[in-house]
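Undergrad: Turn these sequences into a full structure, and let the hints steer you where they fit.
Protein chains: 2
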Amino acid sequence: MLAKVYVTLKNGVLDPQGEAIRHALGSLGFDGVNGVRQGKVIELDLADGTTEAQINDMCERLLANTVIESYRIEIA
Amino acid sequence: MLAKVYVTLKNGVLDPQGEAIRHALGSLGFDGVNGVRQGKVIELDLADGTTEAQINDMCERLLANTVIESYRIEIA
Numbered sequence: 002m003l004a005k006v007y008v009t010l011k012n013g014v015l016d017p018q019g020e021a022i023r024h025a026l027g028s029l030g031f032d033g034v035n036g037v038r039q040g041k042v043i044e045l046d047l048a049d050g051t052t053e054a055q056i057n058d059m060c061e062r063l064l065a066n067t068v069i070e071s072y073r074i075e076i077a
Numbered sequence: 002m003l004a005k006v007y008v009t010l011k012n013g014v015l016d017p018q019g020e021a022i023r024h025a026l027g028s029l030g031f032d033g034v035n036g037v038r039q040g041k042v043i044e045l046d047l048a049d050g051t052t053e054a055q056i057n058d059m060c061e062r063l064l065a066n067t068v069i070e071s072y073r074i075e076i077a
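If you're matching them up, the sequences are chains A and B in order.
For our numbering, add 1 to where a residue sits in the first sequence, where the first one is 1.
For our numbering, add 1 to where a residue sits in the second sequence, where the first one is 1.
Just so you know, not all the hints are guaranteed correct.
Stated by the list, open to error - Taking CB as the label site, the calculated pair distances span:
hint: 1; chain 1: A; residue 1: A21; chain 2: B; residue 2: V68; range: 35 to 43 Å
hint: 2; chain 1: A; residue 1: A21; chain 2: B; residue 2: L3; range: 29 to 37 Å
hint: 3; chain 1: B; residue 1: I76; chain 2: A; residue 2: G30; range: 17 to 25 Å
To be verified - Every beta carbon over 10 Å from chain A, so not counted as near; a handful from chain B, in silico:
hint: 4; residue: K11
hint: 5; residue: V14
hint: 6; residue: L15
hint: 7; residue: P17
hint: 8; residue: D32
hint: 9; residue: G33
hint: 10; residue: V34
hint: 11; residue: V37
hint: 12; residue: E53
hint: 13; residue: N66
hint: 14; residue: T67
hint: 15; residue: S71
hint: 16; residue: I74
hint: 17; residue: I76
hint: 18; residue: A77
Unchecked claim - Computed list of lysine-lysine pairs in BS3-like fashion (alpha-carbon distance at most 25 Å, straight line):
hint: 19; chain 1: A; residue 1: K41; chain 2: A; residue 2: K11
hint: 20; chain 1: B; residue 1: K11; chain 2: A; residue 2: K5
hint: 21; chain 1: A; residue 1: K5; chain 2: B; residue 2: K5
hint: 22; chain 1: B; residue 1: K11; chain 2: A; residue 2: K41
hint: 23; chain 1: A; residue 1: K5; chain 2: A; residue 2: K41
hint: 24; chain 1: B; residue 1: K41; chain 2: B; residue 2: K5
hint: 25; chain 1: A; residue 1: K11; chain 2: B; residue 2: K41
hint: 26; chain 1: A; residue 1: K11; chain 2: B; residue 2: K5
hint: 27; chain 1: A; residue 1: K41; chain 2: B; residue 2: K5
hint: 28; chain 1: B; residue 1: K41; chain 2: B; residue 2: K11
hint: 29; chain 1: B; residue 1: K41; chain 2: A; residue 2: K41
hint: 30; chain 1: A; residue 1: K11; chain 2: B; residue 2: K11
If you're looking for bench data, these hints aren't it; they were derived computationally from the structure.
Beta carbons are placed, not taken as given, at the ideal position from N, Cα and C, and that holds for glycine.
TA: Below is the structure:
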């Protein structure tokens, strides 16, 4: 089974990488880019029968830093 | 308007970061993790009226390295 985990910075947490992208888009002539935030997608190829609770556990313990990041699990 | 761009490595391109995550999950006792690939999500807050063609252009010129990465645009 395939699961996708989306990890994004929580609101209010500074995102210098996103800010750099926003600036670079402006330099390339793209107007109207008000804000950019960058996050991660982690695609997991898991053994069948892995529960969502287990994936949640993976996120809490390794994939996301829950102090500053939030995550969303999508099971395909 | 809000657009999300998902950038992932193409199949066949080595992903050492994903491999490191797979190994770390194994070390933490999570069995049955067959493969992990890591990609990026870029959330763009754009002026209303920005076309998908323009977002496509942003991807081709800055957000993705189309030699090794593919991208998918999602407009919210």
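Undergrad: The structure should be examined with respect to each hint, and the outcome stated for every one.
TA: Okay, the hints, checked on the actual structure:
no., hint, verdict
1, A:A21 / B:V68: 35 to 43 Å, "violated, 21 Å"
2, A:A21 / B:L3: 29 to 37 Å, "violated, 19 Å"
3, B:I76 / A:G30: 17 to 25 Å, "holds, 21 Å"
4, K11, "holds, 13 Å"
5, V14, "holds, 13 Å"
6, L15, "holds, 15 Å"
7, P17, "holds, 14 Å"
8, D32, "violated, 7 Å"
9, G33, "violated, 3 Å"
10, V34, "violated, 6 Å"
11, V37, "violated, 6 Å"
12, E53, "holds, 14 Å"
13, N66, "holds, 14 Å"
14, T67, "holds, 16 Å"
15, S71, "holds, 12 Å"
16, I74, "holds, 14 Å"
17, I76, "holds, 14 Å"
18, A77, "holds, 13 Å"
19, A:K41 / A:K11, "holds, 13 Å"
20, B:K11 / A:K5, "holds, 16 Å"
21, A:K5 / B:K5, "holds, 15 Å"
22, B:K11 / A:K41, "holds, 16 Å"
23, A:K5 / A:K41, "holds, 10 Å"
24, B:K41 / B:K5, "holds, 10 Å"
25, A:K11 / B:K41, "holds, 16 Å"
26, A:K11 / B:K5, "holds, 16 Å"
27, A:K41 / B:K5, "holds, 12 Å"
28, B:K41 / B:K11, "holds, 13 Å"
29, B:K41 / A:K41, "holds, 4 Å"
30, A:K11 / B:K11, "violated, 28 Å"
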